[in-house]
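Number of protein chains: 2
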Amino acid sequence: MKIGAVEAGGTKFVCAIGDENGQVSEQIKIPTTSPKETMNQVINYFKEQQVEAIGVGTFGPINVNKNSVTYGYVTKTPKPGWSNYDFLGSMKKELNIPISFTTDVNAAGYGEAVQGAGRGKENVLYWTIGTGIGAGYVQNGEFLQGISHPEMGHMLIRQNPNDIYEGHCPFHKNCFEGLAAGPAIEERIGKKAVELDQNDPVWDYIADYAAQACVTATLVLRPDIIIFGGGVIHQEHLLKKIRKHFKEQLNDYVDVPPLEEYIVRIGLNDDAGIKGALLLAAKELS
Amino acid sequence: MKIGAVEAGGTKFVCAIGDENGQVSEQIKIPTTSPKETMNQVINYFKEQQVEAIGVGTFGPINVNKNSVTYGYVTKTPKPGWSNYDFLGSMKKELNIPISFTTDVNAAGYGEAVQGAGRGKENVLYWTIGTGIGAGYVQNGEFLQGISHPEMGHMLIRQNPNDIYEGHCPFHKNCFEGLAAGPAIEERIGKKAVELDQNDPVWDYIADYAAQACVTATLVLRPDIIIFGGGVIHQEHLLKKIRKHFKEQLNDYVDVPPLEEYIVRIGLNDDAGIKGALLLAAKELS
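First to last, the sequence lines map onto chains A and B.
Per this note's numbering, the first sequence runs over residues 1 to 286.
Per this note's numbering, the second sequence runs over residues 1 to 286.
Treat each hint with caution, since some may be false.
Remember, identical chains collapse to one label, so a pair may be satisfied in a single copy or spanning two.
Result set (SDA-like, lysine to any residue): computed pairs, CA atoms no more than 25 Å apart in a straight line [to be verified]: (1) Lys76 <-> Arg243; (2) Lys76 <-> Gln249; (3) Lys76 <-> Phe143; (4) Lys173 <-> Pro257; (5) Lys191 <-> Tyr85; (6) Lys66 <-> Phe143; (7) Lys79 <-> Asp255.
Calculated from the structure, these hints are not laboratory results.
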């Protein structure tokens with residue numbers, strides 16, 4: 001099968017061609033400008049390639065409720081022109097093929113659940129900590145969603161009393177994303193996160209906050225595995241610190257798998273989103 | 001149909017006879033002593049009544065994983081004799097009928113989802129704040145569970161700096177249950193919660209904590225409705241206070257229904273658990 005995948009981000013769209021096994025044969029990058037300009041390029045690329053289905057994982061918030069008249073729309077976003085834009089409809093109008101539509105983090109979570117670190121597990125929680133923080137939860141191949149998709153990155157967590165940073169979130173100041181996403185780390189320290197010594201207490205704060213998010217997710221969802229991806233997680237030492245805090249915080253209240261198998265690093269790295277989108281497109285055809 | 005229901009609590013078991021519509025025709029109470037003594041009475045009652053199916057909602061933690069060899073067991077509990085007790089198996093051995101087995105709070109949540117305040121909603125979150133705090137989540141008639149059932153009552157929340165109480169939870173001290181369950185309120189104030197003036201700041205703390213739990217649940221699950229039951233919620237003023245804190249904390253980050261329809265009081269009151277268990281038993285037969 002010849003399948004398309006879109007990973008739509010705030011600065012660029014990655015469009016790929018691949019197969020039903022998640023194998024990518026080629027990909028291009030398109031800058032994220034206005035919806036019309038960007039989407040025309042996306043649509044033309046897939047028209048030329050004559051794919052059989054497309055999987056889309058996009059920045060949000062989006063409407064993922066298939067019963068809604070605005071299913072497939074971007075909802076409110078600060079990105080100029082994209083609020084209330086009919087993302088899926090604009091593609092459907094020009095490309096008469098099945099298109100799967102979900103959040104960027106759901107697509108990456110799906111990739112991880114099927115082919116990455118969550119392979120073989122039924123209940124897979126995927127977190128990304130990068131420019132923002134988000135999560136996708138896959139249960140037996142289906143996404144958890146209610147009236148819309150999760151927005152777990154904005155969980156309210158307990159700030160370490162030694163961490164005097166006020167927080168970066170325009171809605172909640174010191175929620176999880178407001179304290180632990182890349183921009184929050186960099187505003188706090190006045191330099192790039194990669195320049196920060198791994199023994200710096202800021203890493204311990206970040207690990208504390210990520211561990212709290214894992215404790216809450218454990219108590220609410222009871223996943224088989226919690227997978228971390230995203231730029232901030234490139235710090236190799238961070239996973240160990242997260243596990244240490246998690247163990248102290250949960251205090252054995254519920255049984256979880258051994259922590260080295262429970263809280264783990266992403267398996268597919270930067271390919272998780274595109275592979276996930278390909279696999280979701282293939283699912284539309286099956 | 002003639003159906004049985006069990007609401008198994010730490011001090012008593014309520015056993016009821018009813019029908020597939022959740023209508024109770026009679027019920028008895030059996031003290032919770034040793035598993036053998038209590039369960040013999042439960043089993044004899046249903047043998048005499050010749051019911052077609054039974055729904056059980058029980059204190060936990062329990063094993064709800066149908067693929068597990070210890071499905072239907074109580075797992076670790078401080079209640080003498082009940083740890084690793086084969087609750088479901090002891091009933092199955094004597095009563096050769098379908099038996100539905102879930103947590104007390106799931107059963108009550110199911111009752112609320114089908115016939116109570118959550119009627120007609122797809123994604124129903126039910127919280128109980130009483131001697132302990134627990135939650136059940138029903139999506140299109142199915143319970144959310146991963147490797148086990150949720151234990152949302154132990155979420156880590158932010159303690160109000162004016163609330164100097166250290167917390168009541170033996171595992172986490174000042175988690176949600178540790179700060180906001182009945183025993184925590186009473187230990188904090190040295191008297192019964194019902195004796196506390198409704199303008200006392202302690203109620204504001206409790207509402208703050210319940211609101212935080214609702215914000216987190218909203219961001220993780222995106223429910224259609226959040227229903228509160230349990231003894232503490234008998235305080236009529238509390239729901240309003242919870243909504244006020246919730247609005248401030250979420251700060252319109254995601255869309256939710258109007259708060260008077262989103263965060264609501266239990267519809268079936270003390271009958272939610274038994275009605276839910278009857279409806280779950282009926283589902284086993286359908």
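Here's how the hints hold up against the structure:
Only between protomers do Lys76 and Arg243 lie at most 25 Å apart by alpha-carbon distance; the minimum there is 23 Å, versus 35 Å within a single protomer. In the homo-oligomer, the alpha carbons of Lys76 and Gln249 lie at most 25 Å apart only across protomers (19 Å), although the nearest pairing inside one protomer, at 35 Å, exceeds that limit. In this assembly of identical chains, the alpha carbons of Lys76 and Phe143 lie at most 25 Å apart only when taken from the same copy (22 Å versus 31 Å across copies). In this homomeric assembly, Lys173 and Pro257 come within 25 Å of each other (Cα to Cα) only across copies, at 24 Å, whereas the closest approach inside a single copy is 33 Å.
Proximity of Lys191 and Tyr85 under a CA criterion of 25 Å is satisfied in neither setting, with 35 Å inside one chain copy and 56 Å between copies. Proximity of Lys66 to Phe143 under the C-alpha cut-off of 25 Å is found in both arrangements, the shortest distances being 13 Å within a copy and 21 Å between copies. For a Cα distance limit of 25 Å, the shortest separation of Lys79 from Asp255 across copies, 18 Å, qualifies, whereas the shortest one inside one copy, 42 Å, does not.
In summary, the structure is inconsistent with hint 5 from the numbered list given earlier, while agreeing with all the others.
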